[in-house]
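Undergrad: Chains as they are written, first to last, in the numbering used here: chain A, 73 to 377; chain B, 73 to 377.
Hints in this document: simulated from the structure, not taken from any laboratory.
One or more hints might be untrue.
Repeated chains share a single entry, so a pair holds when one copy, or any two copies, can fit it.
[What the hints assert, rightly or not] Taking lysine-lysine pairs in the DSSO-like style, the calculated list, with each CA pair at most 30 Å apart, reads:
#: 1; residue 1: Lys249; residue 2: Lys227
#: 2; residue 1: Lys213; residue 2: Lys119
#: 3; residue 1: Lys179; residue 2: Lys316
#: 4; residue 1: Lys259; residue 2: Lys213
#: 5; residue 1: Lys179; residue 2: Lys195
Because the structure is a prediction, the values reported are computed rather than measured.
2 protein chains.
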Amino acid sequence: MKFEITILGCGSATPTLLRNPTSQVVNVMERYLMIDCAEGTQLQLRKYKVAFQKIDHIFISHLHGDHYLGLVGLISSFHLFGRNKTLHIYGPSDLERIIFDQLKASKTFLCYQVEFHSLDSNKSELIFEDSILEVHTIPLKHRIYCNGFLFKEKKKERRLSKELIAKYNIPVEMMPKLKNGEDPIGKGWEDIKNQDLTLPAHRSRSYAFCSDTLYTESIVPLIQNVDVLYHESTFLNDMKDRAKSTFHSTAQQAANIALLANVNSLLLGHYSARYNSSIDFENEAKEVFKNVKAVRDGDVISIPI
Amino acid sequence: MKFEITILGCGSATPTLLRNPTSQVVNVMERYLMIDCAEGTQLQLRKYKVAFQKIDHIFISHLHGDHYLGLVGLISSFHLFGRNKTLHIYGPSDLERIIFDQLKASKTFLCYQVEFHSLDSNKSELIFEDSILEVHTIPLKHRIYCNGFLFKEKKKERRLSKELIAKYNIPVEMMPKLKNGEDPIGKGWEDIKNQDLTLPAHRSRSYAFCSDTLYTESIVPLIQNVDVLYHESTFLNDMKDRAKSTFHSTAQQAANIALLANVNSLLLGHYSARYNSSIDFENEAKEVFKNVKAVRDGDVISIPI
């Protein structure tokens with residue numbers, strides 16, 4: 073029942089020996105979803121032992137190099153490893169041309185399918201959905217077209233109590249209805265209610281990734297009450313003018329957003345390479361919002377059931 | 073009077089924790105010339121403390137990802153560091169479009185000039201020349217258009233003997249002619265020959281980089297007698313069929329080329345990721361050609377004066 077985020081890179085702009093630029097893998101019950109894929113991401117996947125052949129969906133926030141320059145290399149490596157599953161890529165429309173132009177120049181004829189999902193809306197959209205999970209875009213305000221992503225478990229079913237099911241001799245075909253909250257119908261069960269046979273559903277967990285962006289409260293309704301918010305903090309607040317002019321945020325601003333959106337916990341990242349330590353980011357944010365962590369490459373954040 | 077080669081990556085195909093894919097920096101008397109620029113090269117430059125802002129020329133052999141996917145990131149980082157010198161890039165013509173398309177998508181307006189030198193000939197060409205150095209292409213046989221590069225010091229001048237110049241009272245304006253091998257002309261110098269005032273010129277050093285290629289003796293005349301030859305050895309000889317079908321070479325084949333071209337020393341690299349150790353490559357080649365080194369990332373090879 074995992075919902076965990078592995079930080080593959082939390083630096084910005086340029087790779088350094090201290091931090092790789094942005095990439096993360098979100099594992100929701102063995103669905104491996106990658107967010108951004110900076111140069112060097114393949115090595116980070118190896119270093120942090122992420123089962124990267126399980127990645128079937130890659131979400132690219134925007135086309136600054138520190139968020140996608142590792143993508144063509146990863147696509148090529150999947151080919152070399154003999155992948156045969158379709159890989160879904162979601163990103164700004166120019167990315168499709170950029171990928172396929174490079175594959176063409178290298179005369180690489182992939183042994184698997186790449187399905188590109190072009191993002192160009194300025195409104196939040198549902199871009200991925202399966203039986204348990206939804207992914208929505210979070211339009212951000214950056215120098216170029218940029219989206220964050222909201223990963224949200226779907227509403228879950230009530231849980232059957234095996235013991236009570238046995239006790240009341242409930243047949244298998246009635247179980248989907250019970251999970252759905254309905255009362256059992258039939259002779260002998262007249263006085264039995266759904267609550268007598270089931271436990272409440274587990275809550276639906278959620279993770280919002282927001283990088284890169286100017287401080288903007290427009291995202292607050294989209295990320296309201298999420299379990300975990302990752303919000304970029306390229307700068308500390310003494311550089312808030314620089315943050316504004318480069319369409320980035322400070323740690324204090326990230327904490328403001330966390331507070332307004334009433335999230336459970338806040339992750340900070342995307343630090344400018346001028347900062348060697350991330351502890352100042354955490355301290356600055358804590359003055360506004362208590363449950364905060366300034367992430368480092370290799371961190372794994374679990375959202376409990 | 074340095075002529076040294078720093079190996080930034082000697083693996084092939086995909087980055088691993090053991091080896092980065094291909095990149096090298098050749099330093100010829102403080103001219104920093106980069107060959108290939110695989111993903112992760114920026115980090116290798118940092119790791120091995122190469123003064124990478126000094127790089128003014130980048131030579132790309134071909135458009136397989138393991139030879140150029142770090143280039144756009146490096147170009148972007150130069151921009152972030154406020155570079156103002158022109159950067160010269162030499163590579164297959166498609167590369168120009170690939171670079172500028174990505175810069176356009178990220179709305180990056182570089183603060184320095186990139187001058188692209190398109191390579192499309194199948195014959196060896198002089199592609200760079202300054203007062204001391206020449207770079208020529210070495211057409212290779214690979215699945216796609218591919219060049220090696222020959223770095224060759226120009227013929228050097230004779231060296232003045234300070235002691236004798238002083239003894240015979242030779243004026244400054246005569247020195248260029250003496251360096252050029254001419255005898256001194258003028259009253260009092262009738263019996264003095266050039267050899268009385270000068271020492272022989274230092275020899276001209278040379279380095280040939282050949283990766284990726286099928287075994288081909290067509291390159292032998294172009295690399296005859298070089299000081300150092302880097303020749304790819306993707307496979308050991310027990311996989312020579314695989315080498316042939318993928319347009320690569322084995323260690324034994326690389327050694328054959330070294331022998332035929334009468335080079336002074338041979339460097340091996342571009343090992344397939346299936347090999348953990350490079351020592352078997354060295355041993356295999358040594359049976360054919362004695363002066364061989366299987367390189368590792370971070371190796372620095374100096375060519376003495």
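Undergrad: Does each hint hold? Answer for all of them.
TA: So, going through the hints one by one against the coordinates:
no.	hint	in the structure
1	Lys249 x Lys227	within (15 Å within a copy, 89 Å between copies)
2	Lys213 x Lys119	neither (32 Å within a copy, 35 Å between copies)
3	Lys179 x Lys316	between (43 Å within a copy, 18 Å between copies)
4	Lys259 x Lys213	neither (60 Å within a copy, 81 Å between copies)
5	Lys179 x Lys195	between (37 Å within a copy, 22 Å between copies)
Against the hints set out earlier in the document, violations occur for numbers 2 and 4.
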